[in-house]
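Novice: Here is what each chain is made of, one letter per residue.
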Amino acid sequence: MAMQRREIPEFIIPVSGSQDNLLSARWGQGLQLMVFSGNGKRRYMAGEADVAVNLDKPSVVHDVRWQTDMHYPATRKLAAQSHEIFTSLQKHTSDATDGTKKPQLVKFSRRYRVAMMECLEDLRKAASDMAEDEGDQDTYKDMCQLYQQLELIWNLCEILYIENLPGGVILQQLLDWVKLHFTDADSLAAKIISEGEINISKDYWSAVYIYVLQGRLSEARHLLSMNPETQHDVHGAYARIDELMRRMPVFSVFSRQSLAEFDLKWRNWQEICQQLLVDGVFVSYQPLETICRILAGQQDVLDQLQDLAGDWYQIMVTKLLYTNPMVKAVDLQYHAKSCMDKFRGSSRLLPLDQILLAALEYDVTQIIKISSSSLSNWWFVAHLADLLHHAGQLETHQLDFGATMREFLLLEYASTLMARESMWQIIIEYLEHCPVFGRHIYPRGSVLTDLFAVSQSICKVMGMRALQEKRLGTALTWCLRSQDASFATYLAEKFLTEYSLNGNFSNLDLIDNLGSSMLVSDRLTFLAKYRDFHRLYEEAEFAEAGELLLSLIEANLAPKQFMLILLTDALPLLELDVVVFSSKQTSQLLMCKENLLKWYQSEEYTREILPKKSKGHVELEKEKMELLQLGLSRNLSRALLEESVRT
Amino acid sequence: MVSIINSIDTAHEDMIHDAQMDFYGIRLATCSSDRFVKLFDVNNGQHTHVTDLRGHEGPVWQVAWAHPMYGNILASCSYDMKVIIWKETNGIWEKHYEYTGHESSVNSVAWAPHEFGLILAAASSDGSVSILTHKDGKWEAQKITAHNIGCNAVSWAPAIQPGSLLEPPSTQTQTHVKRIVTGGCDNLAKVWKEENGEWQQECQPLEAHSDWVRDVAWAPSIGLPHSMIATCSQDGRVIIWTNEDSAGNSWTPKILNTFSDVVWNVSWSITGNILAVSGGDNKVSLWKESLEGQWVCVSNVNKGEGQSHSSTEAQPDQ
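For the protein sequence lines, the chains are A and B, in the order given.
Note that UniProt numbering gives residue 2 to position 2 of the first sequence, counting from 1, and the numbers run on in steps of one.
Note that UniProt numbering gives residue 223 to position 223 of the second sequence, counting from 1, and the numbers run on in steps of one.
Bound conformation, chain A alone:
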């Protein structure tokens, strides 16, 4: 019998207590165990029944969960966003023709990447948020790094598999790829420029070299032109190098140039570079000589600049740019291999290296396989595999047990979401797109649909109960779980009434985190957006706040009674030193105010609402309206004045 060595992940629970206390566990929801140091049911026979052996008595129960990547606020948002992209992708591809399919798929791919970037941004914020505890900050930092890598891989896959431009000339996209992900030069340059006087330091030349290595010649020329030496360039060396860089031919699929034509131009250009080196034009200008050697495609210069040239895949792009700009996508693997051998040497290949290499070798299965086993992120593999499946890149890869890899991965992903009941609906939709496993053999869909139906009715009851106890926040939480639109509207109104009575919201964090669940009802959407307005205002983002307020007023989502409050909210914005509302916006506000005035005079109002209001209240409203009139007219004149100055 063959022995197979396999790594079994081990998790240590920090508990004290003697060896005789046995570790026990009970399942919680999803991937959750309640672990405690009890003794199971360790008993001995004593008379007619078991009695517990009396040992130490640790009293702590540990709530242990795993695969919790998707349970952080930032990744939860990613889960929600990518779920939306996923479902529209499934819908889209069923009715797309071949001609429109590809550009659409590229769009979907980019939407996923945008979601990833957003997640990355949130993670970065969280990692530097002092309010988070240190352990969490470290987790977020690790996740930042992971998502950066994921985005890098996804982008490359998008270039190679989704976008794959006709003709297979791929260099320009690879350059963009490098430019997007490796921004050291930009930050160096920004620092140098911000210092005012250009200091010709090591950093300065580093920035220039990196720009040249990345093929970003206009940036390099810009930086060079700032060098004070260009002012007294007696030998014309700076002018020469500038000219060289300016005239470097660039191939674009969209230009009318043929490949042969480009090839000819490019060779001519590089011969000039080489000739200049032979002539020793830059001999007394060491840095310029280095640049020219890069342009001339000399290999040894890359070795010298290895610290700046980046990882093997960046070096590969540089090398291709200056030696083989018309390289075809299918040939990339040879270049990748040789660069890897040369620049990675004997050091161990990291998963990222292996995945990128697999991508360049067009080995889709390998990408997915290494990603699943080493990145511990089912979100990535599941969505990437699904996208590649739609692009027709995954079709031939069947696993032994008959289901496509895509489905297997989607199911794994769905089960990592399982531990949060708020994700049930998302899970169900993923399962529904797994025709082989999801609906039938795999039991989960049915269990969940079942649970979901039951839970909805329970949620409604719980919501009503909480409302009767006047606990609005709890009621809203239950209501969202039950997806009951009319109840949500009712509750949102309760919140708004509460606000109009005492001027602040209860359950702020709940309202702040509604996310897409705000769409359950219009009124709830309004509530969430209105709260957004307050947040923006508090953060002194006045322009955005003003815009949001205006759109809220215009959208007519608010109850009529609330309109005055909204307009009053515009008042402090009108009093600011800067003009927030443009003349056009001010007129819109004025119009709304007039409409409100009309309503105050309408029969409906005088008959039904007015009698319920106290005299003081009516007076106060009148006063507010007058203030508004004043504020708006003043703002209109200021805005007009300012706009006329600008034009």
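Read the hints as simulated data drawn from the structure, not as lab findings.
C-beta: ideal position from N, C-alpha, C; glycine also.
Heads up, a few of these hints could be off.
As the list claims (entries may be wrong) - To give an idea of the interface, some chain A residues facing chain B are shown, with a C-beta separation under 10 Å as derived from the structure: (1) A25; (2) V35; (3) P58; (4) V61; (5) H62; (6) S415.
Said to hold, decoys possible - In silico negatives: residues of chain A with every beta carbon more than 12 Å from chain B: (7) S201; (8) S486; (9) P572.
On the provided structure of chain A, position chain B as indicated by the hints.
Specialist: Just chain B, lined up with the frame of chain A:
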């Protein structure tokens, strides 16, 4: 990534025997030799003590949450020979019903799938299993003489027939059959079925263990083409029993693993694809069936002062 989200100090003054999360994963019930049942609200790494339930006069072995469609209901069983059903009304937890029909320690309680109604099974050292049914506001008890020397554990079969989701029966509306599995001191596990209101043994006892059966767990994997039961025993073995035909007559055993010490507890994840095993080796291990049908250990939880790391262990390639 494994992490301890929360560590809840229950303040139990004696050994903890059970810790169960409710349906929504927001409330935790624990029980202990100190005779108390304790409730905690758990949320995002926070927890608050809700209440202590005092009613038992001996160590409390196990607790079980009823399905929330019946309200907030918890059952507990104890060495004091009692089963107590607790209920929350208007935020106050009270004893709802006390069952004293056993003549020895009650070792295990389990609620039936909610489709059947509010029904509880309790297994006792007196060798019998009680089925308590809530009907018209009253509790009715039925007793099954299950294992000669004593019964250690009981577990319900899921309400849906295996495989029924694959080929829904078109001819007749499905009637759910109530089934339980019990494990006892006669080294056997037995499958029982209710027919015309009577509980009867459905098939030959599941015979493979050489010492007391300590725990039984029927996998909740409804929709799978077969039923699955896990049993564990004093003899150190964990056995997975599968039943391919829906008539339920033949169960095939497969040894999941033989441990170096007694195995006290087996439990299935909510989706029924991972089995947690805890035993005398002071470890909790998680097992999953591979695509080739082999059971493999996917994770270990150990005691110690440190943090998570990996260890390489030889795995027999069966």
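Novice: Would you check whether H62/A satisfies its interface hint, that is, whether its CB is within less than 10 Å of any CB in chain B?
Specialist: For H62/A, the interface hint holds, since the closest Cβ of chain B sits about 5 Å away, which is under 10 Å.
Novice: Grab the minimum beta-carbon distance between S486/A and chain B and tell me whether it stays above 12 Å.
Specialist: Holds, because the least Cβ-Cβ distance between S486/A and chain B comes to about 22 Å, which exceeds 12 Å.
Novice: With a cut-off of 10 Å, does the beta carbon of P58/A approach a beta carbon of chain B closely enough for the hint to hold?
Specialist: Interface hint status for P58/A: holds (8 Å vs cutoff 10 Å).
Novice: S201/A: least C-beta distance to chain B exceeds 12 Å?
Specialist: The claim holds: S201/A sits with its nearest Cβ about 42 Å from chain B, beyond 12 Å.
Novice: Just checking, P572/A versus chain B, shortest CB gap more than 12 Å?
Specialist: Non-interface label on P572/A holds, nearest chain B Cβ at 35 Å vs cutoff 12 Å.
Novice: Can you verify the interface hint for A25/A: is its Cβ closer than 10 Å to any Cβ in chain B?
Specialist: Hint holds; A25/A Cβ to chain B Cβ min 4 Å, cut 10 Å.
Novice: Go through the hint on V35/A and say holds or violated, using the shortest Cβ distance to chain B against 10 Å.
Specialist: At about 6 Å, which falls below the 10 Å cut-off, the nearest Cβ of chain B leaves the hint on V35/A intact, so it holds.
Novice: Interface hint check: V61/A, Cβ to nearest Cβ on chain B, cutoff 10 Å. Holds or violated?
Specialist: Holds - the Cβ of V61/A comes within 10 Å of chain B, reaching about 5 Å at its closest.
Novice: So, S415/A near chain B? Judge it on the closest CB pair being under 10 Å.
Specialist: 7 Å, holds
Comparing the model with each earlier hint shows no violations; every hint is respected.
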